[in-house]
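S.K.: Make one complex out of these two single chains by using the hints.
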Amino acid sequence: MLQNILQEIGIQNYIILSTIMFCIGVFGVLYRRNAIVVLMSIEIMLNAVNLLLVAFSTYHQDAAGQVFVFFTMTVAAAEVAIGLALLVAIYRNIKSIDIDQLRNLKG
Amino acid sequence: MDSTLVLILLLSPIIGFLINLFFGKNLSKSLSGTIGTIAVGISFVVSVILFNKVTQSGEGITVHFFDWIQVSNFNVGFSFLLDQLSLLWLLFVTGIGTLIHLYSISYMHDDENLHKFFSYLNLFVFFMIMLVSGSNLLIMFIGWEGVGLCSYLLIGFWYKNQDYNDAAKKAFIMNRIGDLGFLAGVFIIGYLFGSLDYLTIKQAIASGQYVDLGLLAFAAFCLFIGATGKSAQLPLFTWLPDAMAGPTPVSALIHAATMVTAGIFMITRMNFVFELTPAVLNVIAIIGALTALVAAFIALVQNDIKKVLAYSTVSQLGLMFLALGLGAYEIAVFHVVTHAFFKACLFLGSGSVIHAMGGEQDMRYMGGLKGHMKITFITFLISTLAISGIFPLSGFFSKDEILLVAFHENKVLWFIASAASVMTAFYMFRLLYLTFFGKFRGTEEQKSKLHESPSLMTFPLIVLAVLAAIGGLISIPGNSWLNHYLEPIFIGSRPHHAVDSTAFILMGVATVGALIGIFLAYSKYIKKGQLPVKDEEVTGFAKVLHNKFYVDEIYTAIIVKPIYWLGDFFKSIVEVIISSIVFGTGKLTNFVSEQGKTLQNGSVGLYLFVFVLGFSTIVYYLFLA
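Protein chains in written order, with the working numbering: chain X, 1 to 107; chain C, 1001 to 1625.
Do not rely on the hints blindly, as some may be mistaken.
[Stated by the list, open to error] One-sided and incomplete, this derived list gives chain C residues near chain X with beta-carbon spacing under 10 Å:
id	residue
1	ASN1410
2	VAL1604
3	GLY1605
4	LEU1608
5	VAL1612
Keep in mind that the hints were calculated from the coordinates and are not lab data. Beta carbons: idealized from backbone N, C-alpha and C, even for Gly.
Okay, chain C solo, but in the shape it has when bound (with noise of 0.2 Å):
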């Protein structure tokens, strides 16, 4: 019974994706769009279904369905283990992948390769089941490999534009040198543990087997790297802001709400491995911590709308890294959740506008889109609320938790992530300012074509909207469901903080910093109307900010030369020489056959000599020497 919802589970996806891949030229557009959706909500009704199974039971379910690898006693099965953590991730990948696929049918309608849009977003999907419900890190590993192969394809849909092959290829290689980190840890894990199980692994931890701390420590290291390639961390941060070159519903599932979140999941499935290197676990909190900053403070001046809300997304997975080094795992996870509520929500509303303004994403020449598009200002002014850390909206209880936890730990942290969120909620208001407020600076011609999104398009958006307005809920302070539901992924008990008058304090504190964000905001762009200059006209440190902190043209400086001139190197000097003894070794050849040629010149009259002359030694040395 289980193995049979399981394999419907990851099924599904992959059914739709064949359909669309192999049929989808001749189905109808609307056709197409129905059965990617379809395949994603079967897997969504089965994730309830599940999850519904262990809230009851209280006990993960594992599904083992063949033995992969073995290798003496080194055993990796094709095994799934659903338990609290992989559902929640099932839940919402599934639930907010057909909320984006339903929009997709409409926001993508006009795309001759709206199929193969489809089909890639499925198998997105299912490889994204793979990384989450997977009993072991190989399995992870598929997964994790698989859907950085369909960012990499979906960033790069509108092909024919060669920046957009650009940023998708920066986003592959990105992302394989944070892979390679995360091999190596998986086996420095399986070198350690002789099994790359999470439940033996955590049993093996929890009954105080012996293992060596130094190594465990690089392992876990290794698969931070891995965390901070997929997720967007410092050093390797860049790609993210430049994925926003695929469709906006990509940006909205792939960098926004799930696939960007799995160095998240992999840190608190491995919570166990990680509870034991307090080194490693600090180091993740000040990237983390570090990350939330730098980012906040590029979104500052991004007048790309899609942009901002890239580095929104770093920002706010800088956040969640900073809980995870903390340890509150729970925390991060609870942000994990409500950050995929609104922010899916915000890129499918700037997706929404996008298809107003006919494919215009640079808000300088937006504004006054609030009269035009009532929906997606509504749901939008939720989402941007509730990033912001407003009362009582989803973000304010998550980001609240993790100031908190920093509070607690380390000021300078708490210090940084509170300066992090008061620039969130400067630069979403700028962003909501610049959009929906003032005048239209658009051409006449956009403005006759203003119109309010379809209903397919709007219907995600309200959902998501009343999620990220209410999804706080599952998370309150001092009476937390998610903390109890996810507390048998831990070993032993989790620590509690209080909810005391510091906790009250630091929230009033929060509050008023996302007040004062706003404010800044209205007071620049609404009372003053100000505008963001043109790109030559920027000076100062916004230039720098501009600029993104000149950290692609560092990496292009320090990384991307050197290995050009390597390259370089190999071609024209070890590529020579190698090349001259292939070369020669051909050359050599041709030159003996040359003179053996002559030889066989065709004259019969010295074959015939030839021939006798040799049959003449024969006899002399057999029979006469």
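Looking at chain X on its own, in the form it has when it is part of the complex (with noise of 0.2 Å):
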């Protein structure tokens, strides 16, 4: 049944989606001067990632990229938990999440 979904669309569709959402995150991270957007941006990646390791373990009929993509479900949920209360603690702050703003790292 799956078989047939990736003989209809073409595992090349896959890469170029994944590719794209890739792209879509690194430049969310790259122009983005809002620290929760550039969060979600790199979710957006993540997810470019999982949904590349989902087609190819299918394609390649073996379970061990679809479990993978678990583990980094995991690991970016805590990710964003840690991420977002990071984000809280500078609000606290600076009263701001502005990543501009972020300049105490000057050496």
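M.R.: Next comes the structure, spelled out in structure tokens:
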């Protein structure tokens, strides 16, 4: 059944979609100043990778890729939790979550 | 047994040194002086015991403690050789050392750093014992450097006076020049013989082993340069008169009786080497005679009581070197011993005078002390007669033997030495007349305080004066105990000059010469009552003498100034070049990091951008290119 989907849509379309999503994520990270949007963009990149993993997992008929995706999602959830907590802490300090304002790392 | 005795001999002064160094501050002054004196006294007792042993058996004692340096078949042992020569030196070093320690207790009693003084003196005695009793040249070198260090410490003992510090530095640096020669000589000898041990070298030479005589002569010459530094000969003699900046007991012990004779000890010790190099011996004889003459000339016009004695020491050392250069080692040793007695006595006597005068050293402000200080005067008179060479005091015999040898070997050297002796008689009696005769020329306050020194100071004076009087007995012409005693340290039998009519005529000539010197001094300073003029009024040749032949000025012009110039050159040219390279490297690094710093501006956006760019580049080159 899943094999049919792949035959109908084609693996290269998945690759292209995944690439587009990843690029959207990268540009989101690079061009948006709002830290929450940056975090969201990172999530998009992760999901692009997840999509690719699942697609290849089906293509090779190997479940390992799908198992790996579960791990990625768990890690992503943890990462978002920590990231948001950090953002809250930062907001309390400088009343802003604009990453251009975070220049205290300057050496 | 022997090794225990040698250990006591060596360790006793060093323990005295350590006690006074670490606990001296908490000890009372008399106690720390007593400890210092006893420490040297023990060494003296041990020396006497060892001396008895060696005179009875007639053989030197060798004590080996451990192997010090071992490189393939080159061995230097930490061992000591107590034979006739080293024991003779030990006897008068520790004996006179004890007397001078005793004297210092009283002389230095006002000094706040008395414990330091005694610890340095003990250290000096320790190094002197090392110097004379080591069994190889390297142990001698330890002592050689050590006594130089102690000399430096003691000349600059009153360190608050910058002139004294300069004098100390001058002594140290001049000695270093000599030490370099000594060390070079040691290296060459080690290279030639594969050993530094006296007995091994002596054995090798006695058995006729082939050595490169040219190189050996160079080694002997280097050793002699070392001796000129330590024993204040031309051209390195200028430090000794300046060394009088130290306390008077130091001048007596180090700069008259013991340390300055180290050069003579070393050459006598290595006599078998010098015997193979007659050219070097000639140089030694000439340098010795010239030193005797030059120093005697300078001493004629000095007004500082200690400076006169210092130049007289240089002059007498010159006579000893003359004897060495003529191959008459035992006569040089004889003069070392008698000179140690009367010169130590003279210095201690001058210390007693300075003590009474409240620190005044200029003879123009003394005079008439005869009545105030009887014991000092009598002992001083005996020693002055001894150094002038009046029969039957010790100086007569030793000086006469030197003149006799010189007469047989080289008439010119004999004439120079005789002239120096006549001048010796003159300037010593000039010193005596100006100090003890005539009217007192100091201030009223000084006059009211004139006093004979306490018995702790006069006792050493009396002992030394007795020794100065009878010291000549150890080597009476014709039946010399000393010559016989020293025979084992030489190879083969020694030449002897018979006591013939020439010898008696020479004795007569020398005595008449001395009497002429005394008479000249008498007529000038007693009969006519002349006084040395003020420093500014000195004219003519006397001015040259007064300025010590301008030797210091010449050295300043040809050595010190060029060195300063070289220093300036290095500072202004070479250092600028080197420092610009060094600082340039630093500045470059700084500049690069300044540039790098702007990248690290804290902007998260930029970091991310660079990160993505970098990652993309890696991916491109790894997978896509």
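S.K.: All hints, please: hold or fail.
M.R.: Hints and how they fare:
1. ASN1410: violated (85 Å)
2. VAL1604: holds (5 Å)
3. GLY1605: holds (6 Å)
4. LEU1608: Holds: closest Cβ of chain X sits about 6 Å from LEU1608 of chain C, inside 10 Å.
5. VAL1612: VAL1612 of chain C check passes; min Cβ-Cβ to chain X is 6 Å, inside 10 Å.
Of the numbered hints listed earlier, the single one contradicted by the structure is hint 1.
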